[in-house]
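So the sequence lines, in the order shown, correspond to chains A and B.
So the first sequence is residues 5 to 646, counted in our numbering.
So the second sequence is residues 41 to 244, counted in our numbering.
It should be emphasised that the hints constitute simulated quantities derived from the structure, not laboratory data.
Mixed in with the good hints, there may be bad ones.
What the hints assert, rightly or not - Below, in silico cross-link-like pairs of lysine to any residue (SDA-like), each with a Cα-Cα straight-line distance of 20 Å or less:
id	chain 1	residue 1	chain 2	residue 2
1	A	K50	A	K97
2	B	K210	B	D188
3	B	K181	A	V322
4	A	K286	A	Q301
5	B	K125	A	K50
6	A	K328	B	T60
7	A	K328	B	E57
8	A	K520	B	W99
9	B	K112	A	K594
10	B	K128	A	E510
11	B	K155	A	K286
12	A	K97	A	S154
13	B	K179	B	P139
14	A	K335	A	P212
15	A	K594	A	I639
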Amino acid sequence: MPRINSYAELEAFRKQLQSQRDPNRICITLCSGSACHATGSGDVAKSIEAELKTQGLSGAVDFRRTGCHGFCEKGPIIVIHPEEICYFQIEPKDVPEIVSQTIKEKKVVERLLYTDPQTGEKIVHESEIPFYKYQERIVFGSNGSIDPKSIEDYLVIGGYSALAKALSSLKAEEVLVEIKKANLRGRGGGGFPAGRKWEGSRDAPENPKYVIVNADEGDPGAYMDRSLLEGNPHCVLEGLTLGAYAIGANEGYIYVRQEYPLAVENVHIAIRMSEELGLLGKNILGSGFDFTVKVHQGAGAFVCGESTALMTALEGRVGEPRPKYVRSNIKGLWGKPSVLNNVETWANVPLIINRGADWFTGIGTEKSKGTKIFSVVGKITNTGLVEVPMGMPLKDIIYKIGGGIPGGKKFKAVQTGGPSGGCIPESLLDLPVGFDELTQAGSMMGSGGMIVMDEDTCLVDVARYFIEFLTDESCGKCVPCREGLRQMLKILTRITTGEGQEGDLELLEDLAETAKEASLCALGTSAPNPFLSTVRYFRDEYVAHIRDKRCPALSCKKLIAFHIDPEKCSACGMCLRKCPVEAIDGGKKKIHIIDQQKCTQCGTCFEVCPERFAAVRKISGAPVPPPIPEEKRTITRKSKEI
Amino acid sequence: MTAVHLKIDGKEVEAQEGMTLLEAARSVGVDIPTLCHHEKLEPFGGCRLCIVELEMRGWVRRVVACVYPVEKNLVVRTRSETIDKIRKMILELQLAHAPDSPQLLALAEEYGADKDRFEKEASFCIHCGLCVRYCAEVKKKNAVGFVDRGIRKEISFIPAIAARECWNCKECFELCPTEALQAAYVLTKALTSPSLSTEPAPEK
Chain A
5 MPRINSYAEL EAFRKQLQSQ RDPNRICITL CSGSACHATG SGDVAKSIEA
55 ELKTQGLSGA VDFRRTGCHG FCEKGPIIVI HPEEICYFQI EPKDVPEIVS
105 QTIKEKKVVE RLLYTDPQTG EKIVHESEIP FYKYQERIVF GSNGSIDPKS
155 IEDYLVIGGY SALAKALSSL KAEEVLVEIK KANLRGRGGG GFPAGRKWEG
205 SRDAPENPKY VIVNADEGDP GAYMDRSLLE GNPHCVLEGL TLGAYAIGAN
255 EGYIYVRQEY PLAVENVHIA IRMSEELGLL GKNILGSGFD FTVKVHQGAG
305 AFVCGESTAL MTALEGRVGE PRPKYVRSNI KGLWGKPSVL NNVETWANVP
355 LIINRGADWF TGIGTEKSKG TKIFSVVGKI TNTGLVEVPM GMPLKDIIYK
405 IGGGIPGGKK FKAVQTGGPS GGCIPESLLD LPVGFDELTQ AGSMMGSGGM
455 IVMDEDTCLV DVARYFIEFL TDESCGKCVP CREGLRQMLK ILTRITTGEG
505 QEGDLELLED LAETAKEASL CALGTSAPNP FLSTVRYFRD EYVAHIRDKR
555 CPALSCKKLI AFHIDPEKCS ACGMCLRKCP VEAIDGGKKK IHIIDQQKCT
605 QCGTCFEVCP ERFAAVRKIS GAPVPPPIPE EKRTITRKSK EI
Chain B
41 MTAVHLKIDG KEVEAQEGMT LLEAARSVGV DIPTLCHHEK LEPFGGCRLC
91 IVELEMRGWV RRVVACVYPV EKNLVVRTRS ETIDKIRKMI LELQLAHAPD
141 SPQLLALAEE YGADKDRFEK EASFCIHCGL CVRYCAEVKK KNAVGFVDRG
191 IRKEISFIPA IAARECWNCK ECFELCPTEA LQAAYVLTKA LTSPSLSTEP
241 APEK
């Protein structure tokens, strides 16, 4: 590829690329993000290539492997352009039919379309599917249409035009002013205004300065930064370069988890291609501005998402937060001014420079502008990545986009903000998503994790789970976090195993207060949140566990017993055969009973008991009825009645 | 050096720019308890016992004195109900590991800490890191370090270095707020492990 030396050359190159692309030409895009990769998009890709060859279409049809489309529940996903026919859960065996019917004959393969669970109607186009319809995908939208390994794809959709605009016609200060005006807040956790962070670094007297991408996404169940970096690495690079220009940095780093191999690969390719074109490196677009980017692979510690720990790790030392009270934008990496922003924050920058702060502030709420990508997982029908304007009520994300709770279960809570976020109950579902709104509700925006929980989830156990995660991930440097979490985990474990004592809640509250007030870094100060938010909204569940040794969600194993209702048992023998510890006694036409001494509460009998009998039930906080006497165990009812 | 004027527990203090609140307080005889601080070492900010209250424009903020730099017109309170409560909790958490440490017991007495509040897990080490940092920063030997992280974190002597360096030094022992028990124990173990000589290595 030729090196591009000016703004005009870039535009000419873009025009040339665009003219080579026929908008009416058929293009098959296949989601190849990590989630679809796991469900088999690699094999689907091979079949598409082979089938196009077999059916003699190799040169006539474009095939593009793109980043994540978002609707991971239904992957692998294929979209056929220009009609935007959308097929879900594709297997290699579906490919010949897709090629012969849709590509050749222009016929839609009905069985592969999305079926609206509400209306039963088949939907052809991606944009009409409820999951996509209510989203506003300004950042994530290009993911589904470009090949992340191709810089040409990014240029065709207007890539690097924001950088060209800035370098050719905006002063560094004007870029900063635009970001400040847009009130872009950090998407990684705290929601700190990016413009103010940048300004601090820009005004700091010391040089050199650094810009850093935080791609150390560590929240369980969250993968939006991963998908963005995998699917559209150039938009992050462009944003980073703009940031560097604004603050006067010539070096940048991408701190990315080693566990994200595709992101690491794609970002390396993107850097190489940008360097070849002269969009990174010396004298970018002939402007005199130099900027290089290095990739640093993190070794998978949650605490390294914390800014000072990340910078310490980047310097090659143990990833522990620094105790200093100086912001890292003033004294950061190697003691120099360093702007650290999350992947999604950087990805917003080119959009703001291109379309202007006024456009950006037109989206969202008064204090939270733009959109936010959430990874919606858990007990939800449509698992996936969702980008919505700030201010959308939680209810709409969960029901309109997420499709509600599967299996006819009742919603119980939604956990936002990652492990140190909090659980929001049903009564607050009208809450608009925004940095301050979520914080006020005792949770936080965090990086955008959203875990939906139904009535079968025990919130005490959820708190225990997250505290266990954080205990494991604490760096151990300061006492309130290391020792506080150790004790909190012990107490929560004993509560969920029926050993809770009077005074445990007060002790937990004291420990939470100390960690919140006295911990060294944000991981420690926010670590008690899983407990604090659940006790705030679900205190009665804690009390039930401690006082009545009862788990209201019938979930904590040590607090429940399984019992076969003699009235309902039809002696089908399913549970008898499946019980792994031979705790069930039964026989032909003989009511089955569970030996409570042998039972390990694994729940297999509950799972396998046919729905039409539903004879196995869970009991908590009440004695298990004694087994019925031997002489009454023979079933005299005719099985046909049932 | 510029003089910085601030108020600590009602006392007017003239400190030098770049000093920490802890240094400023100690310069006028105001005592703030610490476990991980040593004047020869870089501030660590690990034990959090030196937490104090700042009043700024009507806001109350809590910071640790061993790290926070002096600022002009600061109003600092080294004791308050909240501060004492936090210190009490920190001591109780540490006492679960080192229940017989005289230094901890003396502080426990002052802050009303109950040494039996938490179940004992006597590991003696309270992770103040004094031995690790002293060896690295003052002696420049790095014979002792932290291994693992979080609640599994512990100090460990590196046998190859310890066998050579520690025999005639042992300066870290008296730094240990839990009476060098752990340090001595780990060192002995490292030096007497079968693969290593029990004699000091010859001087190079």
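Consistency of the hints with the structure:
{"no.": "1", "hint": "A/K50 with A/K97", "result": "holds (11 Å)"}
{"no.": "2", "hint": "B/K210 with B/D188", "result": "violated (24 Å)"}
{"no.": "3", "hint": "B/K181 with A/V322", "result": "holds (18 Å)"}
{"no.": "4", "hint": "A/K286 with A/Q301", "result": "violated (24 Å)"}
{"no.": "5", "hint": "B/K125 with A/K50", "result": "violated (64 Å)"}
{"no.": "6", "hint": "A/K328 with B/T60", "result": "holds (11 Å)"}
{"no.": "7", "hint": "A/K328 with B/E57", "result": "holds (16 Å)"}
{"no.": "8", "hint": "A/K520 with B/W99", "result": "holds (17 Å)"}
{"no.": "9", "hint": "B/K112 with A/K594", "result": "violated (85 Å)"}
{"no.": "10", "hint": "B/K128 with A/E510", "result": "holds (15 Å)"}
{"no.": "11", "hint": "B/K155 with A/K286", "result": "violated (63 Å)"}
{"no.": "12", "hint": "A/K97 with A/S154", "result": "violated (28 Å)"}
{"no.": "13", "hint": "B/K179 with B/P139", "result": "violated (30 Å)"}
{"no.": "14", "hint": "A/K335 with A/P212", "result": "holds (11 Å)"}
{"no.": "15", "hint": "A/K594 with A/I639", "result": "holds (6 Å)"}
In this structure, the earlier hints numbered 2, 4, 5, 9, 11, 12, 13 are contradicted, and the remaining ones agree with it.
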